[in-house]
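A.B. asks: Quick note, the sequences are listed as chains X and C, same order. By the numbering used here, the letter at position 424 of the first sequence is numbered 478, and the numbering carries on one by one without gaps. By the numbering used here, the letter at position 141 of the second sequence is numbered 138, and the numbering carries on one by one without gaps.
Certain hints may be false.
Claimed, not checked - DSSO-like cross-link-like pairs, simulated, lysine-lysine; straight-line CA separation at most 30 Å: (1) LYS51/C <-> LYS107/X; (2) LYS51/C <-> LYS324/X; (3) LYS129/X <-> LYS83/C; (4) LYS83/C <-> LYS283/X; (5) LYS51/C <-> LYS381/X; (6) LYS144/X <-> LYS448/C; (7) LYS51/C <-> LYS129/X; (8) LYS107/X <-> LYS448/C.
Unchecked claim - Quick list of the computed label-pair ranges, beta carbon to beta carbon: (9) ARG288/X <-> GLY126/C: 53 to 59 Å; (10) ARG96/X <-> ALA12/C: 40 to 46 Å; (11) SER452/C <-> LYS411/X: 39 to 45 Å.
Because the hints were derived from the structure by calculation, they are not lab data. Note that CB positions come from ideal geometry on N, CA and C, so glycine has one too.
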Amino acid sequence: MPQEQLEQIANDLVERAVRGGASAADAVVSEADEFSVTVRMRHIESLKEAASKALGLRVFIGQRSASSYSSDFSKPALDRLVERTLVMAKITSEDPQSGLPEARELGHYDGDLQLYFGDVAALSTTERLDLARRAEEAALSFNPRIQNSEGATFDSTTGAKAYANSHGFSGSYRFSTCALSVVPVAVNGGGMQRDYWYSVARQAGTLDPPEAIGRKAAARAIAKLGARKIGTCRVPVIFDAETARTLVGHVFEAVRGDSVYRSASFLAGKLDEQVAGENVTVLDDGLRLSGFGSRPFDDEGVPASSTAVIENGLLRNYLLNTYAARKLHLRTTGNASRGVAGPPAVGPKNFYLAPGKHLLAEMIRSVKQGLLVTELIGFGVNIVTGDYSRGAAGMWIENGELAYPVEEITIAGTLPEMLRHITEIGSELEFRGSIAAPPIRVEGLTVAGL
Amino acid sequence: MAQKDTFFADTYGIAPGNLEQYLAAALSDGGDYADLYFEHTTTSSVMMDESLVKSASEGISMGCGVRVLAGEQTGYAYTDDLEPAKILKAARIAARIASGPARVSTVGLSAVEPPRNFYPVASAPTDRGLEEKLNLVRRADAAARAYDPRIQQVRVSYGDQIRHVLIVGSDGRAVPDIQPLVRLSVFAIARQNGSFHSGSYGGGGRVGLEFFADDHSPEHYAREAARQAIVQLGAREAPAGEMEVVLAPGWPGILLHEAIGHGLEADFNRKGISAFSGRVGQRVASEMCTVVDDGTVPARRGSLNVDDEGAPTRQTVLIESGILRGYMQDKLSAGLTRAERTGNGRRESYEHIPMPRMTNTYMLAGQEDPQEIIRSVKRGLYAVYFGGGQVDITNGKFVFSASEAYVIENGKITAPVKGATLIGDGPTVLTCVTAVGNDLRLDPGIGTCGKDGQSVPVGVGIPTIKVSQLTVGGTAPRASSSFS
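One chain only, chain X, in its complex shape:
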């Protein structure tokens, strides 16, 4: 479906809702082509291809609202959708803060954010298959201990999203992403370890070479062989970029306005306070070219911008959609995010910890005894209290050298303390999603094992 047609559907829905009695309305319409191929042990394991579409409508009757979604675009289905949504809106509560953004807050970012590249859709099935084959082959032939594989997958999505509201805003944009990942299994005696590596990009031409991805995944799996459990201790912990990213993700959860106004965040009520060391600056950049969180306007029609979240340790801004902003007597930061179901939530743009000066290798060299964490599992993070306790695996560091792999341990502390005790920040920052971080060193965590 052409992009203009999606926008037309969004506009029609809004118009129908208003005609049916809504005092305001907005609609999102999206469409995507999805492709995925997995190669396992050098043979195609699965091949998937499909096109999908969906739309979501939100209506307001005064200060009451309701929403609905559908993948059925037929006229009878949409008639019923509009009618049902209006009925629902009549029985929800009057909420003084509900509503669309002010008309003057709406708009598009004018420049080209480079979110769509034709080379993704242009790849033939054979070329996609070949990328997956090459990535897995590089992993399998990296070392004789790589004896099995969960496969290599190339997947891609190209599509378009449109948004319209009854203030007269209407816009749409196209996007593309593709990713290549591989999960090899290393075997040594009775032990077996798997690990992964991947590359993701909006432009197929900028994906890492498949061989590099395969080799890196294989090296990571082999490095885990012979992992042991260590004694319970309190030591410096270095998080590599992939695990540091999850910590920065918890910071995002804590600064999202919908958690803050409910006091469901350890950072609620802390605006303009020192919440982290002076070396910590966290930004949310909506304008990053080809960024995975970049878009010309958010899911309420507010134009993209950049927000300083933490500056030299001072909490400067929460991330807000219109509703959370009104609850906190602030202005929206353009972080409204919604699928097609339900009202807008708050999502990251390109949310990241600003890099520091140290190479990861130097950070490791400066640790006498400590832990390099390369993997975290589980959900033991409480954003309300900031309590943190997760399963971990990585490498033990002895006199500045990686000594041996460790597993079956946990690391625990509290997020407020961790933010104050980030003693080193790495220089290597790479965006592999809408949240990114360089490696970091954190003091004061408890490592639990034997």
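Take the given structure of chain X and dock chain C to it, following the hints.
C.D. replies: What follows is chain C alone, placed relative to chain X:
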């Protein structure tokens, strides 16, 4: 078709002749087997926050997924449009996984009703009036706030869905099912001296709205969420290191889901990448442990009449008196390893390829008095409620995070401790089970399991058990005053 449920025929005019045509297209390049998964799901939800009904939402998603199997290979395509031309196109795309002339043909479909109905509901929750649902969330909100003046914030969410499916295989079977699913959950925040703590609880299943009474009442869920939040106000640091752990009955069954469940899914074992691969017949648990996966428990969230490949669900013994007996199978893995299907082929929706998944996974009750089990512990942790868990199925290491736990000192439950993650080794953790209680309980019915990006509703259950050694990921070293 002579089936009783004729939803897709009535609503979208899908006739047996069409179905045979789609299957023929799917097998036109020489696939071994093809199936069509028609789905039409309607959902409704309401959310109350700050005592306001802030949102009410409804939705419809529908489509058809076409799968083609050729040896170990799977071709998949789907459409969210049930026009014949669109389904035929999807079938031709899925067909391309194979190469060669058509070898299989389907002549004469027969409608097969699911053998039993594990979720008869008087009226579908999606058809009930919104007022009834609003009443449930209002009652929960009021009960949570009334529990204690320190309860500051309450959020209640209600959601239901009704899923019509029609699964048509090239073996000639066309199986319809109607699957209701409902849940009500409460999240409460308590405040004392400027510090905030949260609690959450809820329940549901493949039931109608009449389910939410007595032990399943909105008030019960609300008080339980509020109680957890209040308990946390007085929690000290959790201990760190290996220790004896007693799991309360019910939710803590998530141990089984993570420690052994995923590792016993047949796809991982067929490929030899599970820590349990090749271990059928071996001891993987103490002889007190018998663990089953059971898709047939009436009205449970994880139950199904037929799995998402049309096979009847059943109770499958995974571990019998400590010995590993078998894996959870889908069609592909069962076919390739000549094993019996177990009704565990599941998928999130028509957009997804089915794979082996758990249904309701639980340990059978043992002999011991739960109070005696607690009394037998000199120093350890008593874990009552858990949030999520995760496992690395290849090295077997798993975690699950306690959200309500207490220290046991000299056989008595004493102080509450902060939430902590517990970590262990799947193939050996159950060998450390030294007591199994007589009090099997299933979880309250709000669990969801994720695998390869697909979410499906599941259940877990366990009696009180004692594990002699498990690593607790707190912050207080054992020597410290908070744990001595």
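A.B. asks: Now tell me if each hint is right for this structure.
C.D. replies: Status of the hints after comparison with the structure:
For a cut-off of 30 Å, the pair hint linking LYS51/C to LYS107/X stands: about 27 Å separates their Cα positions. In summary, the hint linking LYS51/C to LYS324/X is supported, as the alpha carbons are separated by about 26 Å, within the 30 Å threshold. Under the criterion of a C-alpha separation no larger than 30 Å, the hint pairing LYS129/X with LYS83/C is consistent with the structure, at around 18 Å. For a cut-off of 30 Å, the pair hint linking LYS83/C to LYS283/X is broken: about 54 Å separates their Cα positions.
At most 30 Å may separate the alpha-carbon atoms for a hinted pair to count; LYS51/C and LYS381/X meet this at roughly 13 Å. Taking the CA atoms of LYS144/X and LYS448/C, the gap is near 39 Å; set against the 30 Å cutoff, the hint is violated. Pair hint LYS51/C plus LYS129/X holds up; C-alpha atoms about 28 Å apart against a cutoff of 30 Å. Between the alpha carbons of LYS107/X and LYS448/C the distance comes to roughly 24 Å, so the proposed pair stays at or under 30 Å and holds.
The supplied range of 53 to 59 Å is met by ARG288/X and GLY126/C, whose beta-carbon atoms lie about 57 Å from each other. Here the CB-CB span from ARG96/X to ALA12/C is close to 42 Å, well matched to the stated 40 to 46 Å. Roughly 42 Å separates the CB atoms of SER452/C and LYS411/X, a value that falls within the hinted 39 to 45 Å.
This entry does not satisfy hints 4 and 6, going by the numbered hints stated previously.
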